[in-house]
Structures are given as C-alpha cells and as structure tokens.
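K.L.:
Given the coordinates of chain B, work out where chain F should sit on it, guided by the hints.
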Amino acid sequence: MTLPLPDPMLPMRFRVVERFDEQPGVASLALVPVEDAMPLFRPGQFNMLYAFGIGEAAISISGDPHEHGWMVHTIREVGAVSRALARIHPGGMLGLRGPFGAHWPLRRQSGRHLLFVAGGLGLAPLRPAILQALREKTRYASLTLVCGARAPEQMLYRDEVDGWARQPGMDVLRIVDHANAGWTGRVGVVTTLLGAALGPHDPESVSAFVCGPEIMMRFTARDLAIAGVPGGRIWLSLERNMKCAIGRCGRCQWGPDFLCRDGPVLPYDRVARRLAIKEL
Amino acid sequence: MTRIEIEALLADHPDFHQFTAAERARLAAWAREERYPAGTTIFNEEDPADTVFLLLEGDVAVQNALPGGPPVIIETLHTGDMLGWAWLVPPFRRMSDAIAQTDVRAVGLDAAGVRALCNAHPEMGYRLFQNWLPHLVQRFRSQRLQILDVYSERSR
Numbered sequence: 001m002t003l004p005l006p007d008p009m010l011p012m013r014f015r016v017v018e019r020f021d022e023q024p025g026v027a028s029l030a031l032v033p034v035e036d037a038m039p040l041f042r043p044g045q046f047n048m049l050y051a052f053g054i055g056e057a058a059i060s061i062s063g064d065p066h067e068h069g070w071m072v073h074t075i076r077e078v079g080a081v082s083r084a085l086a087r088i089h090p091g092g093m094l095g096l097r098g099p100f101g102a103h104w105p106l107r108r109q110s111g112r113h114l115l116f117v118a119g120g121l122g123l124a125p126l127r128p129a130i131l132q133a134l135r136e137k138t139r140y141a142s143l144t145l146v147c148g149a150r151a152p153e154q155m156l157y158r159d160e161v162d163g164w165a166r167q168p169g170m171d172v173l174r175i176v177d178h179a180n181a182g183w184t185g186r187v188g189v190v191t192t193l194l195g196a197a198l199g200p201h202d203p204e205s206v207s208a209f210v211c212g213p214e215i216m217m218r219f220t221a222r223d224l225a226i227a228g229v230p231g232g233r234i235w236l237s238l239e240r241n242m243k244c245a246i247g248r249c250g251r252c253q254w255g256p257d258f259l260c261r262d263g264p265v266l267p268y269d270r271v272a273r274r275l276a277i278k279e280l
Numbered sequence: 001m002t003r004i005e006i007e008a009l010l011a012d013h014p015d016f017h018q019f020t021a022a023e024r025a026r027l028a029a030w031a032r033e034e035r036y037p038a039g040t041t042i043f044n045e046e047d048p049a050d051t052v053f054l055l056l057e058g059d060v061a062v063q064n065a066l067p068g069g070p071p072v073i074i075e076t077l078h079t080g081d082m083l084g085w086a087w088l089v090p091p092f093r094r095m096s097d098a099i100a101q102t103d104v105r106a107v108g109l110d111a112a113g114v115r116a117l118c119n120a121h122p123e124m125g126y127r128l129f130q131n132w133l134p135h136l137v138q139r140f141r142s143q144r145l146q147i148l149d150v151y152s153e154r155s156r
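Quick mapping for you: the protein sequence lines, in order, are chains B and F. Going by UniProt numbering, the first residue of the first sequence is number 1, and it counts up by one from there. Going by UniProt numbering, the first residue of the second sequence is number 1, and it counts up by one from there.
The shape of chain F in the complex, shown without the other chains:
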C-alpha cells in the first residue's frame, strides 16, 4: 500500500477524515500496511507498544494468559476497530496478547512517530486524542459490563 493510498484511506476513516490533508500526510508518513495470517500472533503481553493498528479487514482476539489454564479472550476486534491503546501511556508496553482470528489486514501507525507528531502539533494531537477517547470509553464500558457478569445468578 503506497503512502498516497494510506492518505486516501485515512481520509475515509471516521476518526481521521476531519484532519486536513497536510495532517493526514504527516500521519501517513508514519503508517504502513500490515498483514497477519489467521492464527498468528500480532503482539504479546509486555511487548513494546510500538504500533497502533487500524483494522481494515479481519478479526482479532485480545486475550490474557491465566496461570494453569488456557488464555481467556477478553474481547474481539473487527474491521474498523482500533487495536492497541498501550501506545498512549507510559511505559508503552502491551497489556494483552493479540491473535489474528482470521486473515488480518491493517494500517499500522508507528507509535513513537505519532506521539512525536502530537507533541510537535498539539492541536492535531488534541483532536487525535479526542477521536481516540470514545473508542476507549466504549471498551471501558463494555468491560465494566463483563465484570458485572450479567448472566450469572447473582446479577439476575
């Protein structure tokens, strides 16, 4: 995928379309296409959170290992979702494993590069965080509901 194609893709993306063409060009400079066949590991817990992914195609399981048992899938992410939030806050290390459930195609944004862009262009950085926050809120709310374990006898 060329840089021009990535810029066009960002222009169509709901979280990036309101950025100016110059801003999208700056972001695209830190972007590359990534592909992961079904079953492969995209990242593991404790890996450096050096990339944030915009999922173009495919499904990803976000999971954590449990002592003495198989890993548990915490959530699945799908076309249009963002994969990874540990890149936003120090120590920039992954908090979960991410496994491709199907063939995955994504745009990977270099985390350090995007953070440097945000520092150099705070207005753009502010808007980027404004766009990211609803994704985090949605996932935070979902995980609250999971913690409530609504299908257990206790919650009825």
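Extracted from the complex, chain B is given alone in its bound form:
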C-alpha cells in the first residue's frame, strides 16, 4: 500500500511557538506543525507561508536544518501579507506549504574554501547553510562569512554572528554602507571585503554562496569571477514574486527558469548574462 503524496497546494497548519523582533519591521518566527509531521528541508529552500484570509508569501527558511523541533523564518514587513505574518504572536496560527526550491549545494564542496556573502536580510537564507557548515567544518578547507548591512543597527542576527566570529575555523568580516561618526567598524560595500575574504586562497578552490539584494549579488558575483572564482562555484539566491511554488503558474518565470522550482539557488555561470538584462 502506498500513501498518497500530500497536495503541494494545500497548506498545513502551523503554530507560532516563539517570535523574536530582530529589528524594526523584521521578526523571526519559530513554527511547529499542528497536525502533520515536521517537514525536512535543505539550506536555501523556502516555504509558502499563508496569513489566513490575507494571502501567501514565499519566505526562506532561516533555521538550523538539524533542529527538527521547529522551523524558523525571518520575515521583513514589506506588504500586507508579510506584515500580517511578521506580527503573528506565539499561539497564533498560519498555513505553510513546502519546502520548495533548489538548495545551496553545500555537501558537494568538500575540501573547498566556503565563502558566504550576505547583504542585509540575505543572511537569513544563508543561515541554515552556515549552521550546517559550522557543524561539519572538518569537511571544508575554511569558512568565511562576509556580512553587509545598510547601517550598524540593521545588522541581522548580530549576537549570533558575534558567536560565529569567535568560533575557530570561521572568519567573519562585517561592513555597513553608512554609519555616523563614532562607529568603529568598517564602512563601505561588501565588495570591498572580497579581496580580504579570498585572502591567500587559490580562487579556483573557493565556493561562494551569495544572498542579498540582486544588485549586491550581481556586483559581488562579478567581482568574485574577476578574482578567479569559477562561475559554476558561485551560487546566488534569486527572488521573484512566487505564487504556486511548484513551477505551474509561471509567475516567477525568469528567462528559461521558474525560480520557485529551478531556483531560488542558481549558479552564476547560468544567470550572469540574465542579471544584466534590463527590467527582466
């Protein structure tokens, strides 16, 4: 006897068990299923979260892939749906479909130098990959995280990133675009740190995972490729408005790819030319 596959268009009910205000307008929710088993996910995948009676939004999973007790999403309020989701308090319910999409191909990078480049909220989809890499760091030659943010107060997961920076075998470089006088950290854009992040490593042996605003990813990936990191070893997490999440509706079509199904994680050598096409 075979069990029927769950309908991918039917949301499961999840309950918010914890809520953290990360910064104004950004909250993380820890979710547990009400009736169903906790779905497994791979770093880089996303879920469709449903605010009942309002609508659905694609939200990257930002929790630890080895934590099976709950699933974490970090949500920025940018519209009616995300605002409703981000404001659900513990005990509140939402619908969840997923996980969907392509993941960061971490396990295929054994022996290589891993470089994570996060811009703004782009750290959220990278967090599961970073946590997994830290858990199995002997598998990799080195781990480096470059984190950019608009301003010091907008640095995501600040305490946790401080903790990562203290871990042996993990280098963390942080920079903000703007700061008032008195700030003692770096000011500039993430691309200015790529030279230091690549350091003495042979760029051919670097695998880079980049997530942030598309302009930031475009400039970062281009600079990494110019520095000699192979285009097929740079992955970006791309975002378009997703609706069905299973490659049927075409809402998130981007050139030949449906980002919900073929992405969101795609290699740079596949998307480099498309990134430069205006208004795509």
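Be aware that one or more of the hints could be misleading.
Unchecked claim - Label pairs and their calculated CB-CB ranges:
| # | chain 1 | residue 1 | chain 2 | residue 2 | range |
| --- | --- | --- | --- | --- | --- |
| 1 | B | Gly185 | F | Thr20 | 37 to 43 Å |
| 2 | F | Pro67 | B | Ile226 | 36 to 42 Å |
| 3 | F | Trp132 | B | Asn180 | 27 to 33 Å |
| 4 | F | Thr79 | B | His89 | 44 to 50 Å |
| 5 | F | Gly68 | B | His89 | 35 to 41 Å |
| 6 | B | Gly182 | F | His121 | 29 to 35 Å |
These are computed hints drawn from the structure, not numbers from a lab. We put the CB at the ideal spot given by N, CA and C, even for glycine.
P.N.:
Then chain F, alone, in the frame of chain B:
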C-alpha cells in the same frame, strides 16, 4: 623610520615595488613616518591636501559633516590602503575629514614634492598614476553602490 627603511617599505608595497631603486629613493626623499593616536583628526575638509598617506597600520574613517546632524562616515580605510586623493588634482584641498579609528601608523608623502617628481620624471609619474588609478576606480565603484542604496526597499 629612516629613509632607508622607507625605501625598503616602498620596495615591498604592491604599488611601488616595480619602481627602480633610484625612483624609490627619490620618492623616499619626500616621505616621512606619521603616527596618529585613536580618535585624532588626520585632516579636515578644506585643509590643504599636502600629504598622501600609505596606511601601514590602523583604521581611518573618512567622513563628512552634515548640517544639523552628526558627521557621516563615507568609508573606512585600513592597512595597505591609500588615504587621500585630493592631492592629485587642483585645488589640492581635502574633500572630507579623516579620523583615526584606531592608532594609525602611515608613510606620509609630501604631495607637492611627489607632483614635482612626476613632472620632472614623466615616465615615473605616468606609472605612479597608473598604480593609483585602480584604487580610485575601486572606491568610485564602491561609492556608486552606496548611492544605489541596495538595502533599501526601492532597490530590491
């Protein structure tokens, strides 16, 4: 720091190592060691741009004053970076403030002296500008990205 030590330092610097020993000696004649404790002002906007700095140690905030508000840091510079570009073009006046974020040690090159050297030895001057230009391009590109304000809602 002696002149010989400065010549040796220039020989190790990626932007100066391809100059001949004689050229480095000429440059070193216009160089001196500079130290700035954390928190001190290295220069202010509108000051004469009379020195260009090669940062040996430490971090520098390049900032501009805003009316009615605290100064805003435009960029930070670090070990190995060059501080100052207003010395390259008239009217040779600083366009920003530079504040030592940490204790800073640098080689300061006398701007008028270096410009005079470049005029007297155009081939050397051309190479010097060729070496300087990538630093300016890098910083120009970075500031374009800052202007795009990539983390704003508008840019997503």
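K.L.:
Between the beta carbons of B:Gly182 and F:His121, is the distance compatible with 29 to 35 Å?
P.N.:
For B:Gly182 and F:His121 the Cβ distance comes to about 43 Å; the hint is violated.
K.L.:
Do F:Trp132 and B:Asn180 keep their Cβ atoms within the hinted range of 27 to 33 Å?
P.N.:
For F:Trp132 and B:Asn180 the Cβ distance comes to about 30 Å; the hint holds.
K.L.:
Range hint 37 to 43 Å: satisfied by the CB atoms of B:Gly185 and F:Thr20?
P.N.:
40 Å, holds
K.L.:
Could you say whether the range 36 to 42 Å given as a hint is met by the Cβ separation of F:Pro67 and B:Ile226?
P.N.:
Given about 39 Å between the Cβ atoms, the range holds.
K.L.:
Is the hinted range of 35 to 41 Å satisfied by the C-beta distance from F:Gly68 to B:His89?
P.N.:
Holds - the Cβ-Cβ distance for F:Gly68 and B:His89, about 39 Å, lies within 35 to 41 Å.
K.L.:
Could you check the hint for me, namely that F:Thr79 and B:His89 are 44 to 50 Å apart, CB to CB?
P.N.:
Once the Cβ atoms are compared, 47 Å apart, the range 44 to 50 Å for B:His89 and F:Thr79 holds.
Of the numbered hints given earlier, the model fails hint 6 alone.
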